[in-house]
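Participant: Letter by letter, the chains look like this.
Protein chains: 2
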Amino acid sequence: MFRTMLKNYAAKIEAFLTNLPWDEATMGQSMRYSLVGGGKRIRPVLALATAEAVGGDAETVLPAACSLELIHTYSLIHDDLPAMDNDDYRRGRLSNHKVFGEGNAILAGDGLLTYAFEILAQPLSAVSLERQLRVIQEVAQAAGPAGMVGGQVLDLAAEGKTLTLEEVEQIHRLKTGAMLTVSARLGGILGGGTEEQIQALTRYAQALGLAFQIKDDILDLEGDSKTLGKPVKSDLKQEKSTYPSLLGITGAKEQLALQVQEAHKALTVFNKSTDFLYLLADYIAERKS
Amino acid sequence: MFRTMLKNYAAKIEAFLTNLPWDEATMGQSMRYSLVGGGKRIRPVLALATAEAVGGDAETVLPAACSLELIHTYSLIHDDLPAMDNDDYRRGRLSNHKVFGEGNAILAGDGLLTYAFEILAQPLSAVSLERQLRVIQEVAQAAGPAGMVGGQVLDLAAEGKTLTLEEVEQIHRLKTGAMLTVSARLGGILGGGTEEQIQALTRYAQALGLAFQIKDDILDLEGDSKTLGKPVKSDLKQEKSTYPSLLGITGAKEQLALQVQEAHKALTVFNKSTDFLYLLADYIAERKS
Numbered sequence: 001m002f003r004t005m006l007k008n009y010a011a012k013i014e015a016f017l018t019n020l021p022w023d024e025a026t027m028g029q030s031m032r033y034s035l036v037g038g039g040k041r042i043r044p045v046l047a048l049a050t051a052e053a054v055g056g057d058a059e060t061v062l063p064a065a066c067s068l069e070l071i072h073t074y075s076l077i078h079d080d081l082p083a084m085d086n087d088d089y090r091r092g093r094l095s096n097h098k099v100f101g102e103g104n105a106i107l108a109g110d111g112l113l114t115y116a117f118e119i120l121a122q123p124l125s126a127v128s129l130e131r132q133l134r135v136i137q138e139v140a141q142a143a144g145p146a147g148m149v150g151g152q153v154l155d156l157a158a159e160g161k162t163l164t165l166e167e168v169e170q171i172h173r174l175k176t177g178a179m180l181t182v183s184a185r186l187g188g189i190l191g192g193g194t195e196e197q198i199q200a201l202t203r204y205a206q207a208l209g210l211a212f213q214i215k216d217d218i219l220d221l222e223g224d225s226k227t228l229g230k231p232v233k234s235d236l237k238q239e240k241s242t243y244p245s246l247l248g249i250t251g252a253k254e255q256l257a258l259q260v261q262e263a264h265k266a267l268t269v270f271n272k273s274t275d276f277l278y279l280l281a282d283y284i285a286e287r288k289s
Numbered sequence: 001m002f003r004t005m006l007k008n009y010a011a012k013i014e015a016f017l018t019n020l021p022w023d024e025a026t027m028g029q030s031m032r033y034s035l036v037g038g039g040k041r042i043r044p045v046l047a048l049a050t051a052e053a054v055g056g057d058a059e060t061v062l063p064a065a066c067s068l069e070l071i072h073t074y075s076l077i078h079d080d081l082p083a084m085d086n087d088d089y090r091r092g093r094l095s096n097h098k099v100f101g102e103g104n105a106i107l108a109g110d111g112l113l114t115y116a117f118e119i120l121a122q123p124l125s126a127v128s129l130e131r132q133l134r135v136i137q138e139v140a141q142a143a144g145p146a147g148m149v150g151g152q153v154l155d156l157a158a159e160g161k162t163l164t165l166e167e168v169e170q171i172h173r174l175k176t177g178a179m180l181t182v183s184a185r186l187g188g189i190l191g192g193g194t195e196e197q198i199q200a201l202t203r204y205a206q207a208l209g210l211a212f213q214i215k216d217d218i219l220d221l222e223g224d225s226k227t228l229g230k231p232v233k234s235d236l237k238q239e240k241s242t243y244p245s246l247l248g249i250t251g252a253k254e255q256l257a258l259q260v261q262e263a264h265k266a267l268t269v270f271n272k273s274t275d276f277l278y279l280l281a282d283y284i285a286e287r288k289s
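From first to last, the protein sequence lines stand for chains S and C. First residue of the first sequence: 1, per my numbering; consecutive thereafter. First residue of the second sequence: 1, per my numbering; consecutive thereafter.
These are calculated hints, taken from the structure and not from any lab test. Just to be clear, a hint being listed does not mean it is correct.
Note that identical chains are pooled: a pair holds if it fits in a single copy or bridges any two copies.
[Said to hold, decoys possible] Taking lysine to any residue pairs in the SDA-like style, the calculated list, with each CA pair at most 20 angstroms apart, reads:
{"hint": "1", "residue 1": "Lys161", "residue 2": "Gly101"}
{"hint": "2", "residue 1": "Lys98", "residue 2": "Ala157"}
{"hint": "3", "residue 1": "Lys233", "residue 2": "Tyr283"}
{"hint": "4", "residue 1": "Lys40", "residue 2": "Leu20"}
Pulled out of the complex, with its shape left as it was, chain S reads as follows (with noise of 0.2 angstroms):
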């Protein structure tokens, strides 16, 4: 069910992307480069699913939740930067700077940022106006200063340092935690559900992303340079502080599991069926990519 359930998201979501307008004149080939590449699109699967769970349309909910992976892919295209990580390789392809080169990578990002508000802000007729304009400043707020640009700016900091595991918890909050709260807050939020539904929502996805995160680092240190299709034990070789350099590889998995026991926890006050939501923060942990 699981499995069915994630492809048909992952393919709603890649057909609106691929049929984007890009124009080929201006940036259109770079921006879709990186955008159309693969990805496991977590963040607009998790707009999709949270959105149906408050009883709302996937369909209607289908560009917002997409524009979400436009901020992520122009999130990576900077990050993979010379200037930032200096990565060559993203998802098993060149980054988009050595395709394109510097200059039009750095524009590739933000074209794609700006284009997430453009589709933001685009008329939906099944949604008021006031949810529409919630959902804007909340993705605004997550993606910015106080959101993941601010958790990249401490991350590139944090460089060469040895750091605290709230130290770690705090960059992890901002640089990947507040895009994924957001995700699951805009389905809640444009699929109509409560207050109360959407706080729960809330929680499950920030459990979540503290899951995704700790299972990066020990992806990084145990996983396949293959099948992630990038190198591996680069934060041994950074130097950077992780869950498991902080906790021990054993207390790492312990705190992955109980993130993901958090995460189920969360969905326990919804009437319909949130089955995809539970599995979604199984398949979190147990994945190897």
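Chain S is fixed; fit chain C onto it per the hints.
Facilitator: For chain C alone, coordinates are given in the frame of chain S:
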């Protein structure tokens, strides 16, 4: 009269930008460095003045107007990067990446762009939600791949090539024209203007934008580097196609005068005073920096 009004608008804008809640822990310092470091504030001034021209209230429009300056500043930070124009100075001071490093400069730009949309989505009491959403969509369009960022891509691709007048105009229409036009439209829309008024403001701003660019090209040839706060004759050194290089300096000045006339003509449909906007076009054409 004009100078006093310009000062008044600029003071409001400066106060708003200075008092944004900058978080020093992450990137407040670097975003602020570029944002509060001077500049003509043409875009927010245009938004405030056009709002008043249609009978709107400048205070209501102020946050949205200032968001345009955040977007403009982000574009300058990214534009100055080594991978783009590689400029060490901006507005007479070291450019952002020379002070904070390339990685942080990329993030400061990303942060300003994202924060702009957070401001644009903040609840506004005196404006309908339809108009607010329309503004977000139009700003994203003007700033994104179909506007400013697209223009940057074309500009980057044009390096070292000789362009036709049509190609130069296309780059300017996207790179600077789209944001200037949306500044005037933002004022018209949030100020409560009619569609006819918004159309007239669009024509006004399109002419103003062209005038602005032609004047920029002329200043690069004839201006004083001290007054400008940047080196002159850089277009010549880079063999860039400009209005003076394509039309000759006399032809460029004629074209400038013509655009100022066009801008003036567009204002004739208004009942309320548009003296400020009228004189703003003259100011753009006569400025020394």
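Participant: Tell me, please, which holds for lysine 233 and tyrosine 283 at an alpha-carbon limit of 20 angstroms: within, between, both or neither?
Facilitator: neither (22 angstroms within a copy, 59 angstroms between copies)
Participant: Regarding lysine 40 and leucine 20, is the shortest C-alpha distance of 20 angstroms or less found within a copy, between copies, in both, or in neither?
Facilitator: Result: close within a single copy only, 19 angstroms intra versus 36 angstroms inter.
Participant: What label fits lysine 98 with alanine 157 when the C-alpha limit is 20 angstroms: within, between, both, or neither?
Facilitator: between (25 angstroms within a copy, 16 angstroms between copies)
Participant: Please sort lysine 161 with glycine 101 into within, between, both or neither, judging by C-alpha distance up to 20 angstroms.
Facilitator: Close across copies (18 angstroms), not inside one copy (30 angstroms); limit 20 angstroms.
In this structure, only the earlier hint numbered 3 is contradicted, and the remaining ones agree with it.
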